[in-house]
Structures are given as C-alpha cells and as structure tokens.
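**Q** So the chains spell out like this:
Number of protein chains: 2
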Amino acid sequence: MKIRIDLPQDEIPTQWYNIVPRLPEKLPPPKDDSGKGIELLKTVLPSKVLEYEFSNEEYVKIPEEVLERYLQVNRPTPIIRAKRLEEYLGGNLRIYLKMEAFTYTGSHKINSALAHVFFAKQDGANFVSTETGAGQWGSAVALAAALFRVPGHVFMVRTSFFAKPYRKYMMQMYGAYPHPSPSDLTDYGRSILKQDPNHPGSLGIAISEAITYARDHGGKYVVGSVTNADIMFKTIAGMEAVKQMEMIGEDPDYIIGVVGGGSNYAALAYPFLGRELAKGNVRRTYIASGSLEVPKMTKGVYKYDYPDTAKLLPEFMMYTIGSDFVPPPVYAGGLRYHAVAPTLSLLMKEGIVKSRDYNQDEAFKWAQLFSQLEGYIPAPETSHALPILKEIAERANGEKRTVLVSFSGHGLLDLGNYGEVLFKD
Amino acid sequence: MKIRIDLPQDEIPTQWYNIVPRLPEKLPPPKDDSGKGIELLKTVLPSKVLEYEFSNEEYVKIPEEVLERYLQVNRPTPIIRAKRLEEYLGGNLRIYLKMEAFTYTGSHKINSALAHVFFAKQDGANFVSTETGAGQWGSAVALAAALFRVPGHVFMVRTSFFAKPYRKYMMQMYGAYPHPSPSDLTDYGRSILKQDPNHPGSLGIAISEAITYARDHGGKYVVGSVTNADIMFKTIAGMEAVKQMEMIGEDPDYIIGVVGGGSNYAALAYPFLGRELAKGNVRRTYIASGSLEVPKMTKGVYKYDYPDTAKLLPEFMMYTIGSDFVPPPVYAGGLRYHAVAPTLSLLMKEGIVKSRDYNQDEAFKWAQLFSQLEGYIPAPETSHALPILKEIAERANGEKRTVLVSFSGHGLLDLGNYGEVLFKD
Chain D
324 MKIRIDLPQD EIPTQWYNIV PRLPEKLPPP KDDSGKGIEL LKTVLPSKVL
374 EYEFSNEEYV KIPEEVLERY LQVNRPTPII RAKRLEEYLG GNLRIYLKME
424 AFTYTGSHKI NSALAHVFFA KQDGANFVST ETGAGQWGSA VALAAALFRV
474 PGHVFMVRTS FFAKPYRKYM MQMYGAYPHP SPSDLTDYGR SILKQDPNHP
524 GSLGIAISEA ITYARDHGGK YVVGSVTNAD IMFKTIAGME AVKQMEMIGE
574 DPDYIIGVVG GGSNYAALAY PFLGRELAKG NVRRTYIASG SLEVPKMTKG
624 VYKYDYPDTA KLLPEFMMYT IGSDFVPPPV YAGGLRYHAV APTLSLLMKE
674 GIVKSRDYNQ DEAFKWAQLF SQLEGYIPAP ETSHALPILK EIAERANGEK
724 RTVLVSFSGH GLLDLGNYGE VLFKD
Chain Z
324 MKIRIDLPQD EIPTQWYNIV PRLPEKLPPP KDDSGKGIEL LKTVLPSKVL
374 EYEFSNEEYV KIPEEVLERY LQVNRPTPII RAKRLEEYLG GNLRIYLKME
424 AFTYTGSHKI NSALAHVFFA KQDGANFVST ETGAGQWGSA VALAAALFRV
474 PGHVFMVRTS FFAKPYRKYM MQMYGAYPHP SPSDLTDYGR SILKQDPNHP
524 GSLGIAISEA ITYARDHGGK YVVGSVTNAD IMFKTIAGME AVKQMEMIGE
574 DPDYIIGVVG GGSNYAALAY PFLGRELAKG NVRRTYIASG SLEVPKMTKG
624 VYKYDYPDTA KLLPEFMMYT IGSDFVPPPV YAGGLRYHAV APTLSLLMKE
674 GIVKSRDYNQ DEAFKWAQLF SQLEGYIPAP ETSHALPILK EIAERANGEK
724 RTVLVSFSGH GLLDLGNYGE VLFKD
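Taken in order, these protein sequences are the chains called D and Z. Every position in the first sequence, counted from 1, becomes a number in the working numbering once 323 is added. Every position in the second sequence, counted from 1, becomes a number in the working numbering once 323 is added.
Bear in mind the hints are in silico, worked out from the structure with no lab data behind them. Misleading hints may appear alongside valid ones.
[What the hints assert, rightly or not] Among chain D residues calculated to face chain Z with C-beta under 10 Å, some are:
(1) Ile403
(2) Phe425
(3) Thr428
(4) Gly429
(5) Leu466
(6) Arg490
(7) Gln495
(8) Tyr497
(9) Gly698
(10) Ile700
Small disclaimer: the values here were computed from a predicted structure and weren't measured. Even for Gly, the Cβ is constructed at its ideal location relative to N, Cα and C.
Required output: the full structure, derived from the provided sequences and hints.
**A** As structure tokens, this is what we get:
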C-alpha cells in the first residue's frame with residue numbers, strides 16, 4: 324500500500340555531482356572575444372561559484388551550512404510511486420516521481436539558490452541580486468537570502484511585477500526587495516524609463532540591472548540555470564534519488580523530466596548517467612521534454628549563443644533558437660528559455676539524451692488528468708513531462724518498465740493559468 | 324542537525340480517536356424541538372457518519388479504503404522542529420510543528436473529507452455535495468471525490484466564486500463541479516436569484532442548497548468541522564503525532580493550535596488529552612486560539628445555538644457569538660465561524676482547554692516573521708497560533724518547555740491577502 328519512499332534527514336547525501344569530467348567529449352569552452360564577459364563574471368559572481376564553473380572534480384563536498392539549509396527547506400524530498408497513473412496507463416510501468424515540488428518554495432530552484440547565496444556571503448557580499456520573470460527563481464533566492472540573513476534584491480520583469488503579484492508577495496514575506504525592472508536603481512534602468520516610463524521590461528533588462536547593481540554596490544550576482552555550477556548545486560536531488568532507488572531495489576529504465584534551461588532535468592539525471600558513463604555503458608533511456616512553443620530542443624541549432632538576451636555574458640555552445648527569440652505567451656514560464664545548458668546540449672548532440680516538445684494544450688490536459696488520478700496539481704512546466712509516460716507505456720509492448728520522473732514543481736500559484744486555458748466560461 | 328520527524332507510511336495509525344466517552348461530563352445532546360433537523364440529517368448524511376456522531380467507542384478502526392487515500396494525499400505528515408524560531412524566542416522552548424499543511428490540499432481538511440466521501444459512496448450515493456466559503460473545504464471534498472471517483476458538487480458563496488477563483492480552479496482540476504450559490508439548481512437558490520440576480524450569497528444559503536440538492540437528487544451531504552464524527556475523522560493527525568513524539572522520547576507540556584470550528588485543534592489535541600483524561604490527571608496545558616474579530620472563545624456564551632446560519636440543523640450546546648453574527652472581512656476565512664465544536668466547548672467550560680484570541684495585524688506580523696525564520700509561509704489561520712508561543716516563552720521563566728503545534732495550513736493561496744495587509748504600496 325505504501326507509495327512514498329522517504330529518505331530520513333540524517334541520510335541526506337553530502338556531495339554534489341559534477342558530470343563535466345565524465346562527458347564523452349570535452350565541453351567546448353565559453354567564447355568571449357572581447358574578454359569583457361568573463362571579466363564581468365569575475366567581479367560579480369561569488370569566487371567559489373566561478374571556480375566550480377570550470378571544475379573537473381566529479382564529487383564535491385557540500386558545505387555544512389548549505390546542508391543544514393537543505394534540511395530546513397524540507398530535504399530530502401520523497402519519491403512517490405504514482406500507482407493510480409500506472410493503472411491508467413495500462414499497468415506495465417512503474418512510475419516514480421522525485422518530488423522537488425515539496426521544497427518550501429515549491430520547486431528544484433531552492434537547491435542551487437542556497438549554494439549561490441552561501442558562497443556570496445562567504446565572499447563578504449553586502450547583498451545578493453538576481454533577476455526573475457514570473458518570480459519562481461526570485462522567490463527561491465529570497466528564501467535563501469532569508470535563511471542566510473543576507474539582503475536580497477530581485478529585479479522582476481515589470482509587467483509580471485504588477486500582473487502576477489503572488490510571487491512578489493512571497494519574496495516580501497521572506498524579507499527580500501523585489502524591484503520592477505526597468506527600475507530607477509541602475510543607469511541602464513533609468514535610461515530606459517526615461518524613454519518610456521511604462522516600459523514592460525524583459526528578462527534581458529532585468530539581468531543587466533541585477534549584474535550592474537551588484538557590481539556597483541558591493542553585492543554578488545546569483546545566476547540560475549544553465550551554468551555548470553548551478554546544475555551541480557541542484558544535483559542534491561539526483562544524489563538523493565540514487566539512494567532512494569537503491570533502498571527499494573529499483574533501477575530505472577527511463578529517466579525523464581522537463582527542460583527550461585536544463586538544470587532541473589540534469590540535476591536528477593546526471594548522478595545516474597554519470598555512473599553509466601564511468602562504466603562506459605549507457606543502458607538507460609534519458610528523455611527530456613519542453614514546450615513546443617519554444618522548440619529549442621527539437622528545432623534548435625547546436626552553436627555558440629549568448630545565455631542572456633542582453634549579451635553581457637560570454638557565449639556558450641548549446642542548442643538554441645536564438646537569444647533574440649521572442650517566445651509566445653505560454654504559461655509554462657519556466658520553459659520559455661531560448662537555449663539548453665551546455666552539458667545537456669552536448670549529451671543531446673551525442674544522442675545520449677533524447678528530446679521531445681509538447682504543446683500547451685496537451686500538457687495542460689495531462690495536468691488535469693494527473694491531478695484527478697494522483698491528487699496533486701503539477702506545475703504547468705512539470706506537466707510537459709507527462710506525455711512521455713504515455714509514449715513509454717505504448718512502446719513497452721507489454722513488457723515491464725521502470726520510469727523515474729523529475730517532478731519539478733507544484734501548480735498552486737499557476738491555478739489562474741490553468742483556469743484561463745481549461746475552464747474559460 | 325535533523326529537524327524533521329518522519330513517520331513511514333507503513334506505520335500509519337489504523338484507528339481514529341473519539342473523545343466523547345472520556346469527557347469529564349456527558350455531552351449535552353443536540354436540541355431539535357421540531358424533530359425536523361435530525362430527520363433531515365438522517366436523510367442526507369451517510370449512515371456511518373450519523374452513527375459515529377453518537378458513538379461511544381473510543382478507538383475506531385479506519386477503513387482500508389480511507390487509509391489507502393490517506394497515503395495518497397501524503398500522510399503521515401512529518402513533525403518539524405522549529406529550531407530557528409526557538410532561538411528567536413530565547414532558547415527555552417522546544418517547538419514541534421505537526422505539518423497538516425503538507426497534505427495535497429494544504430490543510431487538515433482532507434483528513435475528514437476522505438472519510439465522509441467514502442461513507443457516502445458506501446451508501447450508494449449518486450454524488451456528494453457540500454458548501455464552501457473561500458474554497459478550502461470545497462477543494463478538500465473535491466479531491467476526496469476524485470480519489471473515490473464520485474461526482475462532487477460544491478456550492479460556493481457567490482462572491483468568493485467570482486472574487487477568489489484559485490480554489491474554484493483547484494476544484495475543477497480535481498474534476499468537481501463548483502456552483503456559485505445562490506444557484507439555479509435548487510428551489511431556494513432560484514427564489515433568491517429571482518429577487519436579486521446578483522445576490523452575493525452566504526455560507527448559510529450554500530449549506531441549504533447543498534443539503535436540499537443532495538436530498539432531492541440521491542446524493543449525500545458532506546458536513547465539515549464541529550461535529551463529533553468530523554473531528555474523529557481528523558484525529559489521524561493526533562494519532563500520528565502521539566507515535567512521533569514517542570519515537571523521539573518527547574512529551575509535550577503544551578499543545579496549541581487555532582480554532583475555526585475547532586476540528587483542527589481537537590484533531591491534534593484529543594488523542595493526547597484523551598489519554599490524560601483516562602488516567603484522571605491532566606498535566607499538560609492545552610491552549611486554542613482564534614481571531615479577535617470573531618471572539619467566540621473569549622467573548623462568546625456557552626449555550627444552545629444553531630451550527631448553521633440557515634437554522635436547518637439541530638441546535639448544539641457550545642460557545643457562540645450567535646449564528647447571526649456577521650463577521651468583519653478578516654482574511655483568515657477559516658476562523659470566521661461563529662461557534663466552537665460541542666466537545667471542545669465543554670472542555671473549555673471545564674477549564675481543561677484554555678483560549679486566546681488575537682487580531683489580524685498581530686497574526687500577520689507573526690506570519691511574516693515565521694516565514695523568514697523557518698522558510699515556510701503559514702496560512703493566515705495558522706499564524707493565529709504563533710503569538711501563544713511568545714506567551715509560553717515569557718512564562719517559562721527560564722525553564723525548558725516542549726510545545727506541540729497544529730500547523731494546519733500553508734499560505735500560498737493567501738499571498739494576495741498578506742500582500743494587501745502587509746505590503747500595500
């Protein structure tokens with residue numbers, strides 16, 4: 324009857340996993356012709372974060388201070404067996420959900436936010452700064468800042484700041500300072516506001532503001548997703564899952580999840596995949612999925628591109644539909660990013676990680692079905708992983724298959740979006 | 324470093340607790356001069372629910388089907404030690420939070436909703452119906468209905484239906500049918516709409532509609548809070564907590580929580596208090612708190628009153644500020660109820676359970692402080708329990724005290740209310 328695999332807090336893994344030394348070929352280095360991008364990063368990133376970005380150490384010790392906060396935000400997260408969904412899909416799959424949605428900010432993002440903020444504090448930062456779109460990443464950084472008692476400044480895309488106040492209030496409950504971007508706190512923001520006081524803002528502008536605000540006022544900048552260091556910090560999820568699957572004697576045939584920038588999926592998959600790469604034999608099937616409205620994985624090109632629309636940072640070799648790509652207004656905000664993390668892109672190019680893209684309507688219907696079967700409302704992003712399960716069930720051809728899913732977030736703050744799409748009167 | 328006390332799913336308690344046979348004096352019976360109230364209940368309540376309402380059995384076996392759904396909605400819930408809050412309060416308290424907020428609908432309400440719906444299904448009901456204000460109870464019933472595959476009709480106060488759509492969408496995600504009340508589905512609703520097509524509705528009207536809709540169409544009516552049966556179904560929380568406290572060798576000096584109708588607090592406290600009453604020696608201090616804007620506990624009168632504003636049901640002996648009391652628009656919707664459950668009222672009259680009321684401003688400031696210290700955003704209702712901790716810490720006079728708190732709900736869907744009160748621009 325038991326469907327929840329708990330990992331007690333005193334058995335939390337004490338190492339992060341870094342896949343870089345196990346990649347089948349060398350990761351192409353960042354490209355920075357002017358030298359300005361790397362120089363800027365050296366100024367605004369915490370020194371340890373920059374060090375880990377280029378590290379070849381496979382297992383890295385997690386600082387005690389970060390481990391303690393992992394426990395504080397409800398780690399380890401359980402794995403839940405989705406028996407009612409298994410039944411619905413014909414009974415040949417065993418489906419295990421790694422519940423990153425159970426952390427206190429409701430997704431995998433707090434896992435790296437805590438590490439970034441800790442290393443910023445270690446460098447004596449006056450504050451941390453970051454950008455956020457709809458507010459998921461911003462609220463994770465806000466909580467991390469609260470738990471390390473460091474001021475947190477979050478530059479939030481102006482249109483979301485006013486249209487989607489829930490995550491803004493969440494940051495304020497945590498004591499952080501959300502600013503509508505463009506803001507009057509930076510030269511860049513002021514110059515934009517001067518031309519258009521009602522400028523809606525963009526993630527690119529918010530990144531520029533967060534970086535220059537940190538640079539000019541003794542703060543450190545916190546960068547989420549796509550970077551090697553950020554993915555490594557999030558692998559606590561996969562390290563836990565390795566232990567949990569061993570505890571119950573299961574070995575997944577498939578590992579699936581969704582890709583915004585790629586850190587959520589990579590964080591679960593890499594500790595498993597790394598072990599296979601070390602043995603030189605990849606038996607499992609790895610499938611990542613995204614939004615068909617932002618089809619960087621299925622229609623993108625593997626090339627050097629900027630990770631930020633402002634083009635302040637160095638270029639990386641990755642699958643991209645272009646840093647200037649303007650995504651349609653899909654509600655899975657976390658999937659709107661234009662590129663795939665360099666390590667994950669390389670693994671996709673090598674055919675080791677497969678990809679799929681699904682449209683919003685299909686994903687949302689799965690979200691509703693999942694809610695009714697399993698009782699838990701997934702984030703719109705997370706629901707894009709569910710159609711893969713149907714494909715696996717159909718392909719299984721009557722054979723038994725075990726699937727591990729990165730269940731990256733809950734949909735409680737997205738109910739308005741579900742309502743607009745599914746229940747319009 | 325460990326702060327979470329997990330109870331594995333295969334150790335979930337298999338009995339509910341009924342305090343009625345252990346009360347220090349006989350519970351005054353319901354008063355129903357016309358006989359119509361009891362008659363109506365016999366028609367619309369599931370037969371087992373009615374039986375348990377008048378039961379003198381102390382420990383009642385939980386049906387397998389309900390136990391299985393408890394696991395499905397994330398039971399057992401952990402107990403979390405609030406070490407950072409302890410520090411803030413001076414270090415003399417050990418504070419343990421029973422996290423009912425961790426269930427899939429975010430509060431203790433699902434614990435009884437599952438039992439009610441199961442017993443309705445056992446009676447062959449075509450559907451279940453219930454009423455809801457802001458939607459907390461309605462969403463719990465909606466999930467219970469989904470997990471038992473029974474249609475769920477929820478009569479939601481019209482003004483909330485349109486002003487607070489998130490919980491309405493939640494019910495729809497679960498496949499239930501929320502109706503704005505007054506509705507055109509019942510004679511009573513139609514008669515009100517005829518006079519005023521934009522009538523804002525009330526909980527009293529919604530109760531009438533839910534009851535008569537069930538009566539007229541072969542459904543069963545699901546009644547939350549205050550009744551003996553409903554409290555008993557929710558004691559799974561307290562039964563778990565007894566085990567968890569034993570596991571770590573702790574014996575709480577205080578058991579605290581908030582009172583809307585009383586079922587949340589009673590559900591945690593009764594399994595502990597019942598053991599003390601059985602021994603004839605109550606050592607612990609029991610304190611329940613509520614909203615000063617609806618001061619039924621501190622300014623109410625112990626007398627016979629109707630549990631429903633429509634006065635359809637029998638009267639009960641309880642602390643009440645009157646079933647006609649119109650509460651001010653406080654955001655802790657769950658605390659707006661006018662009376663205290665009969666068993667809890669009796670225990671308050673006997674001085675065995677103490678009471679406090681706090682105003683919204685004080686509670687909300689505690690909510691923000693708690694969020695920053697512990698990383699978790701409490702429901703507005705739940706935050707009304709936090710000021711008690713300060714009082715206990717001050718009274719401890721340097722001695723060590725252990726406190727167990729019913730942490731009844733999360734505040735994610737209440738961020739708008741927190742924002743309006745705390746962060747008004």
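**Q** Hints the structure violates: just list their numbers, smallest first.
**A** Hints that this structure does not satisfy do not exist here, as all of them hold.
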